[in-house]
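Trainee: Sequence:
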Amino acid sequence: MTEVLPDVGFMTACVGLLYHEKWLSNAQVKYFTGPVIFGKTEWSSSLPSAQTQKLVKAVRLERFWQLLDEVEQGKESEQCVPAELVCAIQPYTLVAPLSPDYRDACVWAFAQVLERHPTLFPASAELRQTFPTHLRTPDPYVLREFSTTLRRRVVARGSGMGCVAASPEGGNAEAAPLMEPEQVQMQLF
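Residue numbers for the sequence shown follow my numbering, so the first one is 219 and each next one is one higher.
Just so you know, the hints here were simulated from the structure itself, not pulled from any lab data.
All values reported here derive from a predicted model rather than from experimental measurement.
Take the hints with a grain of salt, since some may be wrong.
[Said to hold, decoys possible] Once the Cα atoms are required to be at most 25 Å apart in a straight line, the calculated BS3-like pairs of lysine-lysine come out as:
no.	residue 1	residue 2
1	K240	K272
2	K258	K248
3	K258	K275
4	K240	K293
5	K258	K240
6	K248	K272
7	K248	K275
Turn these sequences into a full structure, and let the hints guide you.
Mentor: And the structure:
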């Protein structure tokens, strides 16, 4: 699916159409347009920029896929996508040992990202073979709580109707250009 939908303009137009047709809420649009949050540590700047850009692209694609799933199910999710968990937790893996709950969540999310984005991470096929066949499943409570908190922070910083704004006269919607998501570093723990 990555090869089919890599274009930000296409995804933005789809989100705009879904919002205009009232299939997406303002919070869902804010989630799509919101920043990608990276954990803030003294080692955050040492993350390779090429990998960081690939993770940002993976987040954008996964957010789009999740919104399509939410439209199909008719229910808004409260949780973020696995690529966002990787962005948020990965900088903390460089500082000190994580608690087992966050470690399991990070490894699980990273495995999900590698599986979903083989073209973004071409070496992942070999890496996936080295993963144990059964990864330890993260504690569902910790995963849900962290994922929900992260999505709320993204929605709070999202531009919402900056993507699509209805004219006051009730006419056609105007599409504003949507740039790549901003990258924000914040203290999470």
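Trainee: If a hint holds in the structure, say so; if it doesn't, say that too.
Mentor: Hint by hint, here is what the structure shows:
1. K240 - K272: violated (31 Å)
2. K258 - K248: holds (22 Å)
3. K258 - K275: Holds - the C-alpha atoms of K275 and K258 are around 20 Å apart, at most 25 Å.
4. K240 - K293: holds (13 Å)
5. K258 - K240: Outside the cut-off at roughly 36 Å; violated.
6. K248 - K272: holds (21 Å)
7. K248 - K275: holds (17 Å)
This entry does not satisfy hints 1 and 5, going by the numbered hints stated previously.
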